[in-house]
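So the chains spell out like this:
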Amino acid sequence: TAGITQAPTSQILAAGRSMTLRCTQDMRHNAMYWYRQDLGLGLRLIHYSNTAGTTGKGEVPDGYSVSRANTDDFPLTLASAVPSQTSVYFCASSDSGGPDTQYFGPGTRLTVL
Amino acid sequence: RKEVEQDPGPFNVPEGATVAFNCTYSNSASQSFFWYRQDCRKEPKLLMSVYSSGNEDGRFTAQLNRASQYISLLIRDSKLSDSATYLCVVILTGGGNKLTFGTGTQLKVEL
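Line order of the protein sequences matches chains A and B.
Each residue of the first sequence is one higher than the one before, starting from 124 at the first, in our numbering.
Each residue of the second sequence is one higher than the one before, starting from 21 at the first, in our numbering.
These are calculated hints, taken from the structure and not from any lab test.
Just so it is clear, the structure is predicted and the values come from calculations on it, not from any experiment.
Certain hints may be false.
[To be verified] List of simulated lysine-lysine pairs, DSSO-like, C-alpha gap at most 30 Å: (1) B:K99 <-> B:K62; (2) B:K128 <-> B:K65; (3) B:K128 <-> B:K62; (4) B:K65 <-> A:K180; (5) B:K62 <-> A:K180; (6) B:K128 <-> A:K180; (7) B:K99 <-> B:K128; (8) A:K180 <-> B:K22.
The following block holds chain A by itself, in its conformation from the complex (with noise of 0.2 Å):
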């Protein structure tokens, strides 16, 4: 079993540009999440989904968009991307939207030049 899995690993972005963070679940989890982590700021959530076709916005929604077409994928888009974007984003799921044990993805490190 994949579990999560997060594409691309890395990533290299002119600022303005758009770009589409994807990641996908197998375990068949209701609900999933994005986070973004940056030193000295611990992981902050971006955007939830409770169940496919609902979608939360976390802490730091601002600039970011995210769809939930299926259980599956959770894609995460940048519109128009900034330097202060430059993070390490981690997709997460859990079997519902209340407190169980997360998975998290193995991350996609994205830098904004």
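Please build the complex by placing chain B on the supplied structure of chain A, with the hints as guidance.
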């Protein structure tokens, strides 16, 4: 003030030592508490949940003190493989599964 605060360390300890980390949280409405472990350049993984009565898993013991709003993690007989960053995680009441992370405490276990 940060919602979840941890001493960043690093804590450098010899193999076999006992080491303890504390974590304080600011919101008294926090309902669920966890310790996650993160190895360098890897994803976080759940180490253990923290229950009101305290709980133990092998060499690891977690405790919660609601009155003082802190949780702790005790590692006995440290192994080299315990070297990692330990993340304190809190869920607020009514917060669903929205995790609030501390910035982590780095542990280095040395020979």
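How the hints compare with the structure:
Only pairs whose Cα atoms come within 30 Å are accepted, and K99 (chain B) paired with K62 (chain B) is accepted, the gap being roughly 19 Å. Under the criterion of a C-alpha separation no larger than 30 Å, the hint pairing K128 (chain B) with K65 (chain B) is consistent with the structure, at around 18 Å. For the hint linking K128 (chain B) to K62 (chain B), the alpha-carbon distance of about 16 Å falls within 30 Å, and the restraint holds. About 23 Å separates the Cα atoms of K65 (chain B) and K180 (chain A), which keeps this hinted pair within 30 Å; it holds.
Our distance criterion of 30 Å between C-alpha atoms is met by K62 (chain B) and K180 (chain A), whose separation comes to about 25 Å. Between K128 (chain B) and K180 (chain A), the direct Cα distance comes to roughly 36 Å. Violation of the 30 Å bound is thereby established for this hinted pair. Between K99 (chain B) and K128 (chain B) the alpha-carbon distance is near 10 Å, which keeps this suggested pair within the 30 Å criterion. Our distance criterion of 30 Å between C-alpha atoms is met by K180 (chain A) and K22 (chain B), whose separation comes to about 20 Å.
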